[in-house]
Amino acid sequence: MTETEQQAPAQVRRFRITRRRHGAARPRVDEFNVAVGPETTLLDALREIRSHQDRSLTLRYSCCHASCGTCGMRANGREVLACVTPLASLGRGPIAVEPLANARVEHDLVVDMRDLYESLEPTGRPLIRQDEQLAGRGAPAPAFARYEDCIECGLCVSACPITGSDPLYPGPAALAAAWRTVAEPRGADPLRVLAWADDEQGCWRCHASFECTEVCPSGVDPAGAVLALRRELTRRKLGQLTRRGRHRR
Amino acid sequence: MSATTRTPRTPGPAQHPPQRPLRGPLRGTGGWARGRHLGSVAFLTNRVTGLLLIGYLYLHLGVLYLLTEGAGSWASVLHLFKNHWFLALESLLILFILVHGLNGLRLALVGTGVGVRHHRVWFTTAMSVSAGLYVVVVLAMFGVI
Amino acid sequence: MTSHAHVVIIGGGATGAGVAHDLALRGLRVTLLERGELTSGTTGRHHGLLHSGGRYAVGDQESAVECIRENQILRRIAPGSFEENGGLFVALTDEDMDYLNPFLNACEACGIPATVHRAEAARQMEPGLNPEVKAAVEVPDATVDPMRLVLRFFATARRNGADLRTFTEVTGLACTARTVSGVLARDLVTERDYEIAADLVVNAAGPWSGQIGQMAGVTVPMRLSPGVLLAVRGRFCGRVLNRLHKNADGDIIVPQRGLSVVGTTSWVVDDPDVPPVPADHVARMYTEGCKLVPAIAAAERRSAWSAVRPLVGGGAASTGRELSRTFQCFDHKQTEGVEGLVTITGGKATTLRAMAETAADVVCAKLGLDATCRTAGTILAPHGAYFTERGERYDRD
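Chains as they are written, first to last, in our numbering: chain A, 1 to 249; chain B, 1001 to 1145; chain C, 2001 to 2397.
Only chain A is shown next, with the shape it has when bound in the complex (with noise of 0.2 Å):
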């Protein structure tokens, strides 16, 4: 809490936490009373009962600022950073704390990353902002600068429904950093990148719900993304069939 905070009178906001524990076959809800502030975030609020009230409460965060993109969980139901989520927009009742969905979780809020990371390999991410300047190198660029918009959270395959529910999908953060290759290579091989989107498991899979793009903290819009990677590879596809038509004639 901040300062004025303490001065201020306090609420109790109740917390109901979705908490699977190492050996537990079923995950477990507890419930945490925490004094709150107006300003007071998710994350404060996690951290406070991690202090004082359970030290065995494990959830992760790093930057506090919603860049680092460790803090993601729903409450709930929704997808968000619990760094920059307000407890005032989260209504008045109790709140339901869980781990990211579409992820493996390991213990208590943590999920297992491993999925995203791996997703975004074969994605050829040279992923830095059109503004920056890559002193003296001009090969290309490495695969894993990461200073897109996109912070790696997970919130966007949490919230799609297509990898909810199909292994395969690679999901909405793989393919908008797939688009990023394609619309701006800086040396990379967007056909590669292209070919590896236009599979009926890949950029076809989507079904345009658009949630990646509503939970999205970083404005990366991956829905636009994915539908941009089909219009591209439409655009060629028509292309190519009115080349071929030509040349028969």
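It should be emphasised that the hints constitute simulated quantities derived from the structure, not laboratory data.
All values derive from a computational prediction rather than experimental measurement.
We treat Cβ as the ideally placed atom computed from N, Cα and C, and that holds for glycine.
Please note: incorrect hints may appear among the correct ones.
Which residues of chain A face chain C? A few of them, derived with a C-beta cut under 8 Å, are [as the list claims (entries may be wrong)]:
1. H22
2. Y61
3. C63
4. V84
5. H107
Could you slot chains B and C onto chain A? The hints should help.
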């Protein structure tokens, strides 16, 4: 380890299946029926109307089969068709066709990258048109217009 | 050169990462313990600035020289982890202009490349700058993602055999006859306590170094100095912007993806956990930030947070700005006669590799190992490797 662009191990998105847990269609909150925004409403609407239309298709086939039973059973079926409740259900069918069809048109365009930014407007327009036409159809069905 | 010496490192921040990487590269067996997620202490929360050293050139030459040297090394060993956009020290007032020459001389003395730009050129470089800019000095600052850079050290360390245990809290140090022989740890996931034997323990716990030291009865002379940072929506500058004056509050703006991070303040606390975020400090970030970039005044707040700097040096310090930003390594055998424990603390995120080299040299000397540091020439694994190369710590269900 040098910092170069990595090449994919095999072509196609499924390099190796992710470890994430499969929740299946509606089971638990990891399934596909969770989204609350307009895009998800459209997605869900299309799935539901699609399923209902498939159900109707089977019904329709069943009814047509009755034709093979001769004039007598056909006449009793026709009598059923004139029942007001049945007409109401049939009007719903028209609604589902309109909704599924117009949203489908939206998806065909948005899904190839056309007008993506306006997808919400297209959805509300499609639903409004469906609602409007539905009203007209109902009125026509019940002989008002 | 391989060794069976086992070193346990306490602390999963930048310091721990650097030490784990350095020691693993030298062939030692390393176990690292972190009570939360890696970089969840001070490291993850810092400004995201790869210092050129300009900020310390005038007042803290030692730090400045460390910074520029490490700045260049990090760019080499972690290519792609920086927005290599450069930085400007911006003069807005006559007072700032008086600082220009001392600043330039100091930069030259420290080996920091500095180029002066006139007002017009500065405005062209950064259209969002306060139009009253008088001059600006370009230096090789850069933007860095605090967590992802450090994850590269961890990923590389693990490739070289380091055992990284997150969500493992240190509850005590096993001490017999003034010798630290191991660490008492609590696995927060299984809720089990256990002991890890160690030939040497490295205390890299940042602001918690004092608490860890107390477990062995040693005192680590440090001051905890939090600072408030503010992130606003909108990328108002392409480069790091600094105010050309003596270090003060809110005089740095770092562009981080779609956000602009304004910082910072400085005061002293006793408790490293959950530092407060005084509202007046946040307000000051807005008022100071908009002196450099006027658009900041109306920018939407994304987050305001605080992080605790672990500064080396005891004695009275009212704001923390008086203390040097350099780092120090304490061999507690020499300071208080306790064997088996080394503390490395202080420093800046920019100097994590150098801090680790110092600590690793001390560790190897104490263990009687002849192993030279190779971190300055070793390219780091990508940060994604930290996630994709994890083994199974617990049974998968």
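Structure-based check of each hint:
no.	hint	result
1	H22	5 Å, holds
2	Y61	6 Å, holds
3	C63	5 Å, holds
4	V84	5 Å, holds
5	H107	5 Å, holds
Hint compliance for this structure: every hint is met.
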